[in-house]
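Read off the chains here:
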Amino acid sequence: MIFIFFLVLPSSLSAAAEKGLSVKGVRYFSYAAFTRVVFEIDAAAPYVLTKTSDSQALVLTAYDGPLTIKSSLPEIRDSVVKGIEARGDAASQQILIRLHPGAGDAKDFVLRAPDRIVLDITRSSAVPGPALPLAGKQFVIVLDPGHGGKDPGIVTGQGQEKSIALEMAQSIKKLLQKSRDLKVVLTRDRDIALTLDERAVSANQAGAVVFVSIHSAEGTGSRVFMQDPDDTLASQEQNPVSRDFLGFETGSEQQERLWGRQQAAHGRESGDLGRTLSRQLNRNDSAEPVQAPMALLTSVDAAAVLIEAGMEENRTRTAEAVAKGIELYVRSGR
Amino acid sequence: MSDRVDRRIAGNGFTMAVIVMVVILAGIAGVFFWRQGNGPGAGTVTGPGMAVPLQRPDEPLTVTQYLPENGILAPGTGSVKRQPEIQAQAREVLAGLFTGQQAAPPILKDALVRGFFLDPEGTAYVDLAAVSEGGMRASAMEELLAVYAVVNTLMENFEEIKQVRFLLDGREAQALAGHIDLSRSFARRLDLVRQ
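Quick mapping for you: the protein sequence lines, in order, are chains X and W.
For what it's worth, the working numbering labels the leading residue of the first sequence as 1, then goes sequentially.
For what it's worth, the working numbering labels the leading residue of the second sequence as 335, then goes sequentially.
Mixed in with the good hints there might be a few duds.
To be verified - Mimicking DSBU-like on lysine-lysine, the simulated pairs with C-alpha atoms at most 35 Å apart in a straight line are:
id, chain 1, residue 1, chain 2, residue 2
1, W, K443, X, K107
2, X, K174, X, K150
3, X, K150, W, K443
4, X, K173, W, K443
What the hints assert, rightly or not - Chain X is faced by these chain W residues, among others (derived, beta-carbon under 8 Å):
id, residue
5, R471
6, A472
7, S473
8, Q508
9, G512
10, I514
11, D515
12, R518
13, Q529
Worth flagging that the hints you see were computed from the coordinates, not collected in a lab.
Glycine is no exception: its CB is placed at the ideal position from the N, C-alpha and C atoms.
Okay, chain X solo, but in the shape it has when bound:
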């Protein structure tokens, strides 16, 4: 038994202790990148989701009390899930979700009104995980020069932010490429406009281990921003639009639901990267990144930060500090 999730919902805890978990229906949805299985339940209650020791199946059980299955289970056959079945007797029933070898990580969460347990199982080949490359392979570093095209960013006597960011990204790339095990990718290498989502897609498709978005601001001093670790999932829960359609609406909306949650899995890594960069840029061993709800970072599936370098700072030194910070982070074995 390997992992994982144990969820307690206080509002229904006492009722759950008496009743266990009652599954009144199961739906599933197959997508290019993942398979979603939705368990419709009578009332939210604690449950346990584990992976079998051979990693070939996931097992859903009630945490406290019996698991009751009130309807027949659907026949699931796609490239991630082999099938779904009930096992055990009435007193200790379990739901077994058999996986194909190509199945990747599983993420589960609960939605209310109506109450559902949602299980997303990624297709490992379609969604590169955040794991570091194996020995002999390259670490992919994605540098994202901010703004571009019609969007110049801020404009001061020192120039346009979009040009300064591009110039700085190219300088950092040159410095990093001296290391053979680092592959550096720019989201843009010329003056073009990119949406925030296009930048995140670019990083995710490249299999980034590190993502650094480069911006600048008036004056001196540099700041490093990271996604507020509590923010990504909290914002999803707060969003009434996304709360009710999951598992019941169109595929595109469900894809959107997964989009924007990627950074939630990288809070600690992004904190480490942000701290390292912040200390290099500010030459201060106690400097910390600023935690903020960053529109771009939320969808990046890697350690990700946004740096904002003062336009009056020495750009060569800034580029060197960023390159050194990235190398330090990567070499620290994270």
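With chain X's structure known, arrange chain W on it following the hints.
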């Protein structure tokens, strides 16, 4: 003829003097009673739980404001025109932030307030627009501080506001100037405030 004219002038002067005296006395008495009943500060309400006062509509309302200053939000007070109900009052407070007051510049250049709406659950919707066609231009830190200047100021002054959401040109938007995620609700954040 001339005697009659002189008497008439003398009579008018006396009447005028009496009227002036009465007006002055009435004015003094008015000021006296006004100070007793509504002395300076009596109608000024600041801080949490501000109910929009209905008395003395001409007197400015003092509110707590959080304004960006050297990379952090600085708490202070400002005066805004008193309004009869909460939504109009919040609009007035927001206008003060976005147009700047006295020595304080606007919290975000190139931005103006299109509208404000407070729903029954306490979610405040702040609808912003760019002044120019090129959109808003701000660094990430400026954008972050502007967002929380609005959130902190609204939630400090209006206890009815439980959370704040931002719209751009009447619609949900990804960000104001390309950095801060606006697809979420915001609550007060005090770690950005100078202690």
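Structure-based check of all given hints:
{"no.": "1", "hint": "W/K443 with X/K107", "in the structure": "violated, 42 Å"}
{"no.": "2", "hint": "X/K174 with X/K150", "in the structure": "holds, 26 Å"}
{"no.": "3", "hint": "X/K150 with W/K443", "in the structure": "holds, 18 Å"}
{"no.": "4", "hint": "X/K173 with W/K443", "in the structure": "holds, 33 Å"}
{"no.": "5", "hint": "R471", "in the structure": "holds, 5 Å"}
{"no.": "6", "hint": "A472", "in the structure": "holds, 7 Å"}
{"no.": "7", "hint": "S473", "in the structure": "holds, 4 Å"}
{"no.": "8", "hint": "Q508", "in the structure": "holds, 5 Å"}
{"no.": "9", "hint": "G512", "in the structure": "holds, 7 Å"}
{"no.": "10", "hint": "I514", "in the structure": "holds, 6 Å"}
{"no.": "11", "hint": "D515", "in the structure": "holds, 4 Å"}
{"no.": "12", "hint": "R518", "in the structure": "holds, 4 Å"}
{"no.": "13", "hint": "Q529", "in the structure": "violated, 16 Å"}
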